[in-house]
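In order, the protein sequence lines correspond to chains X and U. So for the first sequence, the numbering used here puts the first residue at 1; every next one is plus one. So for the second sequence, the numbering used here puts the first residue at 1; every next one is plus one.
Honestly, the hints are just simulated from the structure, not real lab data. Check before you lean on any hint, since a few could be wrong.
[What the hints assert, rightly or not] Quick list of in silico lysine to aspartate or glutamate cross-link-like pairs, EDC-like style, CA-CA up to 16 Å:
| no. | chain 1 | residue 1 | chain 2 | residue 2 |
| --- | --- | --- | --- | --- |
| 1 | U | Lys-81 | X | Glu-118 |
| 2 | X | Lys-81 | U | Glu-118 |
| 3 | U | Lys-283 | U | Glu-295 |
| 4 | U | Lys-234 | U | Glu-258 |
| 5 | U | Lys-108 | X | Glu-118 |
| 6 | U | Lys-160 | U | Glu-172 |
| 7 | X | Lys-108 | U | Asp-267 |
| 8 | X | Lys-126 | X | Asp-27 |
[Said to hold, decoys possible] Covered by chain X, according to a simulated footprint, are these stretches of chain U (three or more residues, beta-carbon under 8 Å):
| no. | segment |
| --- | --- |
| 9 | 65 to 78 |
| 10 | 84 to 93 |
| 11 | 100 to 114 |
| 12 | 296 to 302 |
C-beta atoms are modelled at their ideal positions from N, C-alpha and C, and glycine is treated no differently.
Number of protein chains: 2
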Amino acid sequence: MGLVVALAGGVGAAKLLRGLVQIVPPDDLLIVGNTGDDLELYGLHISPDLDIVMYTLAGIVDETKGWGVADDTFHCLDMLKRLGLETWFRLGDRDLAAQVARTQMLGKGMTLSQTTAELCKMLHVKARLVPMSDDPVRTKVLAGQLRLEFQEYFVKRGTKDVVTGVVYEGCEKARPAPEILEAIEGAKRIVLCPSNPVLSVSPMLSIPGFRDGLRLTNACVVGMSPIVGGRAPKGPADNVMASLGFEASAYGVAKFYEDFLDHLIIDNVDERHRTRIEALGVKVTVTDAVMRSVEDSLRLAKVMMDV
Amino acid sequence: MGLVVALAGGVGAAKLLRGLVQIVPPDDLLIVGNTGDDLELYGLHISPDLDIVMYTLAGIVDETKGWGVADDTFHCLDMLKRLGLETWFRLGDRDLAAQVARTQMLGKGMTLSQTTAELCKMLHVKARLVPMSDDPVRTKVLAGQLRLEFQEYFVKRGTKDVVTGVVYEGCEKARPAPEILEAIEGAKRIVLCPSNPVLSVSPMLSIPGFRDGLRLTNACVVGMSPIVGGRAPKGPADNVMASLGFEASAYGVAKFYEDFLDHLIIDNVDERHRTRIEALGVKVTVTDAVMRSVEDSLRLAKVMMDV
């Protein structure tokens with residue numbers, strides 16, 4: 001069917017991807033994962049968004065939370081707390097293993113792409129998942145006088161801060177991981193998963209060459225709005241967009257990507273935005289765009305591949 | 001009662017120490033732990049003997065195994081196995097936390113002594129436990145052509161190799177941890193726990209100044225034979241001593257330490273060795289010297305403090 005490149009953040013992306021992998025053969029799919037929210041903790045390199053996608057496609061994700069490993073325990077974390085360490089980042093015992101394995105491979109000189117491929121292979125994930133870059137790009141959230149690590153903002157402080165700016169530290173020197181630019185150039189279709197535009201997709205777009213690649217490709221770039229009825233079903237996308245001066249709506253999402261977006265899937269409740277979005281030169285498909293089940297994921301993946 | 005210094009290996013030592021701490025006030029006790037069997041695994045600094053003593057004195061040791069944390073799970077390890085890593089070293093999820101915490105503290109520039117003190121404090125261990133050295137000393141086991149890491153010999157290969165030599169790598173450059181030499185010099189009594197002379201106590205003795213300190217101190221040096229009836233109740237002490245040309249007996253233990261040992265506790269079944277041991281200038285107390293219960297530990301600790 002030709003190459004499909006999917007740009008993925010965390011939970012929302014993984015939900016779409018569990019449908020997409022059912023209709024796109026593994027060899028035709030390249031999933032590019034956000035690593036702007038990676039962190040170093042306990043000496044471990046943690047890649048939360050890569051893991052969410054990996055666990056989901058491996059069929060071992062905690063479906064209720066959308067992240068972490070199903071039926072995981074937190075015995076190591078409980079003991080770390082007893083030993084006086086901070087434990088606000090909720091790493092389960094099985095989840096921890098992936099971080100240990102990744103860190104060990106990185107320590108041996110493997111790239112993040114290589115470690116991701118190895119972890120996916122061991123978990124029998126057939127689709128190719130690559131980090132957006134093998135170089136460190138770290139999303140920092142500015143909130144007034146505060147400059148927060150992404151996970152500090154997101155998990156530790158529970159997205160309670162009003163975001164006044166976002167910085168993708170290291171992006172100037174970062175290069176897209178191998179394959180990505182070639183894949184974007186040669187793709188038949190590019191799928192923008194319903195992820196936070198500012199916090200999950202922009203880290204990728206901040207890497208030199210990435211956004212230009214999307215502008216110049218002949219592929220059809222299809223997105224799904226992560227904002228439905230002015231709200232993000234999960235996460236702080238609505239608040240973050242609003243506080244940074246973007247409209248927190250399906251229209252705001254289209255506007256955010258207008259320089260390269262060809263088609264946007266929006267929810268029925270956002271029908272009223274259709275005309276304004278089309279005025280940006282972006283085609284619109286209106287449907288039930290909230291994923292409550294695997295069937296929803298599959299149906300929406302089909303919509304994104306067919307429009 | 002004056003300062004007591006206890007030289008400790010792993011399981012056997014911990015069993016005696018759970019009795020000793022009941023009769024020696026914390027301020028009067030310094031426990032020196034073997035770190036010759038420390039290892040680096042998954043990027044973590046693991047100190048098995050320090051942990052056995054620490055967990056035992058914290059009341060959280062797995063009593064059945066004698067090591068690890070009671071009721072621990074192995075979910076992280078199971079996942080590591082799934083991810084293709086070696087998992088012969090059985091680190092439970094809670095046990096892992098201590099390794100993560102230790103490694104993080106070492107990474108911040110703390111010494112092994114300082115990290116040990118911090119971990120013990122968090123686990124409410126009142127007795128002072130110090131590693132034999134803050135410098136790396138690594139016990140290597142020679143078996144014919146093989147030069148094995150200690151844990152490779154001990155855990156991975158299950159002590160099946162005939163030991164033809166033992167090397168304490170790094171001992172020449174190592175210094176005893178702070179306090180130790182002063183404590184040995186000023187102690188009223190020095191307790192040699194029933195640990196493997198070659199694999200658990202000799203790593204300490206190999207550090208310059210350590211053995212001389214024991215020879216020169218005015219303290220009464222009291223040991224308990226880890227070999228009973230020619231067998232080690234736990235571990236390979238008997239085989240290792242025999243294959244290295246020492247007699248695998250209570251007498252062999254006395255002979256091993258004869259240059260500084262004042263008094264040896266031996267089991268009733270070893271009564272026949274009494275005369276030969278006394279001929280070395282070492283006093284002997286014969287008693288039931290196998291620790292099956294906490295009561296045994298307390299009774300034997302009293303014997304060692306009273307002789």
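Against the structure, the hints:
The hinted pair formed by Lys-81 of chain U and Glu-118 of chain X meets the criterion: a straight-line CA distance of about 13 Å does not exceed 16 Å. Between Lys-81 of chain X and Glu-118 of chain U the CA atoms are separated by roughly 13 Å; this keeps the pair inside 16 Å, and the hint holds. Of the supplied pair hints, the one linking Lys-283 of chain U and Glu-295 of chain U is violated, its CA atoms being roughly 24 Å apart against a limit of 16 Å. For the hint linking Lys-234 of chain U to Glu-258 of chain U, the alpha-carbon distance of about 23 Å lies beyond 16 Å, and the restraint is violated.
Proposed proximity of Lys-108 of chain U and Glu-118 of chain X is contradicted: the alpha carbons are some 30 Å apart, above 16 Å. Only pairs whose Cα atoms come within 16 Å are accepted, and Lys-160 of chain U paired with Glu-172 of chain U is rejected, the gap being roughly 29 Å. For the proposed pair Lys-108 of chain X and Asp-267 of chain U, the alpha carbon gap of about 50 Å is over 16 Å, so the pair is violated. Between the alpha carbons of Lys-126 of chain X and Asp-27 of chain X the distance comes to roughly 9 Å, so the proposed pair stays at or under 16 Å and holds.
With 7 residues having a Cβ less than 8 Å from any Cβ of chain X, the segment 65 to 78 of chain U passes the three-residue criterion, so the hint holds. Only residues whose C-beta sits within less than 8 Å of a C-beta in chain X count toward coverage, and the segment 84 to 93 of chain U has 4 of them, enough to reach three; the restraint holds. With 5 residues having a beta carbon nearer than 8 Å to a beta carbon of chain X, the segment 100 to 114 of chain U meets the requirement of three or more and the stated coverage holds. Three residues within the 8 Å Cβ limit are the bar, and the segment 296 to 302 of chain U against chain X gives 0, so the coverage statement is violated.
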